[in-house]
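Residue numbers (the numbering used here), protein chains in the order written: chain S, 290 to 683; chain A, 115 to 350.
Certain hints may be false.
As the list claims (entries may be wrong) - Pair by pair, the computed Cβ-Cβ distance ranges are:
| # | chain 1 | residue 1 | chain 2 | residue 2 | range |
| --- | --- | --- | --- | --- | --- |
| 1 | A | R306 | S | F662 | 27 to 35 Å |
| 2 | A | G240 | S | L308 | 44 to 52 Å |
| 3 | A | S198 | S | R307 | 40 to 48 Å |
| 4 | S | A654 | A | R303 | 45 to 53 Å |
| 5 | A | V133 | S | V661 | 21 to 29 Å |
| 6 | A | G240 | S | V582 | 27 to 35 Å |
| 7 | A | G240 | S | V300 | 39 to 47 Å |
| 8 | A | D196 | S | A650 | 50 to 58 Å |
| 9 | S | T638 | A | G240 | 52 to 60 Å |
| 10 | S | R602 | A | E199 | 49 to 57 Å |
| 11 | A | R314 | S | V582 | 28 to 36 Å |
| 12 | S | A650 | A | S198 | 45 to 53 Å |
| 13 | A | E199 | S | E586 | 52 to 60 Å |
Hint data in this document are derived by calculation from the structure and do not stem from the laboratory. Note that beta-carbon positions come from the ideal geometry of N, C-alpha and C, so glycine has one too.
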Amino acid sequence: MRTAEAWRVAVDALRANRLRSALTMLGVVIGVAAVVLLVAIGSGAKREIETQVEGLGSNLLIVVPGELSFGSAPTTSRLTLGDVDHVARVVGDRRRVAATVSSGETVRAGTREIFATLQGTNETVPLVFNRPIARGTYLRRGDVESRRRVAVLGRKTARALFGERDPLGRQVAISGVRFRVIGVFAEAGSAFGVDRDADVHVPITAAQRLLDTRRVDALAVKAPTVDGIDELGDRIVASLVARYPDDTFSAVTQSQILGTVGRILGLLTLVLGAIAGISLLVGGVGVSNIMLVSVRERTREIGLRKAVGARQRDILMQFLIEAVVLTSVGGVVGICLGVGAALVLDAATPLPAVIAWWSPAVAFAVSASVGVFFGVVPARRAGLLDPVVALRSE
Amino acid sequence: MTAEPVQGDDSAVPVVEAVDVTKSYRLEGVTVDALRGVSLAVRPGDYLAIVGPSGSGKSTLMHLLGGIDRPSTGTVRVAGRDVSELSEDDVAQVRNATVGFVFQAFQLLPRTSALGNVAMPLVYRGLRKAQRQRVAAEALDAVGMSHRTTHRPSQLSGGEQQRVAIARALVGEPAVILADEPTGNLDTRRGREVMDLLERLNAERGVAVVVVTHDADVAARTDRVVHVRDGLLVPA
């Protein structure tokens, strides 16, 4: 039998039972749309977080106490400002080292207040973290050394406290202590679920007094080149271990974070896709079921076709094509629906959704294979029907 | 065999032939011997009837001759080829080239036009659609149905449906048409018209016609009558 004819017969048969075909297809449509949409959400989350990590700069090195691995408990830091100077000597350039101590604090200006991330830092932050200042200036070295109570506000903090008024020169109260605003950051976006615009930077010395601590939470080092970054990280860790023999320290780079985050989010995407895949599987079972009904209904037709010369594989192909048409049309509709839903989601909600080029292709290939896989049993049954028995059936 | 062939060439190679065939099958655990040793040759141009009461095995014999069933023992040859030596797919192709079937219940595809029904066997010869339709239109013309090519079976009378079915049997230019109770679902007048048509095709085209029937009037029109009873050929 010519293939074109097999297609025509299959499409005719599907047309004859429009509602049934449409409902069977719906199972596949939902499955494919779910796969495409959930993979888009997973890919979107991955892309978003990777973009944020990349924004840190590829030559950024973050030094933290303890082992840095997902699942290990955070370690209380024993680092102090003395260690910052020590690391600066290892790096050989003080401007490339930023120290931070962080805490969530209430910041107040007049009657308005916001819960913001207090970052005690030194003057090197704009260079090390690529955070440009929109208005005023950042902290100066003198501010840090003389523990001056000045503050630089994140975009969101500034807006929450001052609205459209200019915050420069005004006072804010952080945990009840007054600071003078000397600068406002340009918008930075969020990273790792933390809104980086809802922060307030003050000299690390002032922050330590405010928090009544001497600790430094983390060090960030901007390496001169990307090439030597791992070696520099090892040197810094080694020098810190020399000072604290009982402790461990970790130096992580952007590429390591990207690798770990990428693996985790890749897995997440895969899990989402697999869950959606289950619904596609259920759709496939529906196809199989309806094909068995179709074969039974058309037993006499099969007997007749065999009597006039159809071979087993002609009959098998006819029903297999019918199943594949069902699932691939369902697949295409599902892809359109999934892509459409992802675009709407991306545009209308904060949830990012990215259509990876491969996901519609894979979804289509899978749905077509579902047709073959779930069509084979009914189609084989049709192909093997005895024409004498088939012709006699009612 | 009970009757000598009056028409057809005795020396010619049989179109379809059964040699000492038996057929038994199990029905709900009971073995049924449908045929118990039957030989029958249908030669080019033959016009014969197979008659017998229901359950006698006459339909089984027709199925064996047409190659849509296989004997338990014995030999069936279609177009000179032993079906037991052919794969099922090969038998299908031999059938397609050699045998045309006509059934009591017409067996037309309900959603397909008369032309499409007649053209259907040609699909399995790999003919292109245009060619199939041309040949099918000729076959419909030969049975006097060229005015109803686009009608679906439900829009045709029983007699018309059977004529379309005969056109379908004829379309592949078979050597033999096997008709299983072709008049069984028709009134006397329509039945007679159908038999007239088969007779004319036999006479004009030389296609062998085998009619399975229990209607004595139908059998009486043929050149040779074969009686089947309890799975055996018996004298009339």
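Hints, one by one, checked against the model:
1. A:R306 <-> S:F662: 27 to 35 Å: 54 Å, violated
2. A:G240 <-> S:L308: 44 to 52 Å: The hint (44 to 52 Å, Cβ to Cβ) is violated, given that G240 (chain A) and L308 (chain S) are roughly 34 Å apart.
3. A:S198 <-> S:R307: 40 to 48 Å: 45 Å, holds
4. S:A654 <-> A:R303: 45 to 53 Å: 60 Å, violated
5. A:V133 <-> S:V661: 21 to 29 Å: 43 Å, violated
6. A:G240 <-> S:V582: 27 to 35 Å: 30 Å, holds
7. A:G240 <-> S:V300: 39 to 47 Å: At roughly 20 Å between Cβ atoms, V300 (chain S) and G240 (chain A) fall outside 39 to 47 Å, so the hint is violated.
8. A:D196 <-> S:A650: 50 to 58 Å: 51 Å, holds
9. S:T638 <-> A:G240: 52 to 60 Å: 55 Å, holds
10. S:R602 <-> A:E199: 49 to 57 Å: With a Cβ separation near 20 Å, R602 (chain S) and E199 (chain A) fall outside 49 to 57 Å, so the hint is violated.
11. A:R314 <-> S:V582: 28 to 36 Å: At roughly 42 Å between Cβ atoms, V582 (chain S) and R314 (chain A) fall outside 28 to 36 Å, so the hint is violated.
12. S:A650 <-> A:S198: 45 to 53 Å: Because 49 Å falls inside the window, the suggested range holds.
13. A:E199 <-> S:E586: 52 to 60 Å: Because 35 Å falls outside the window, the suggested range is violated.
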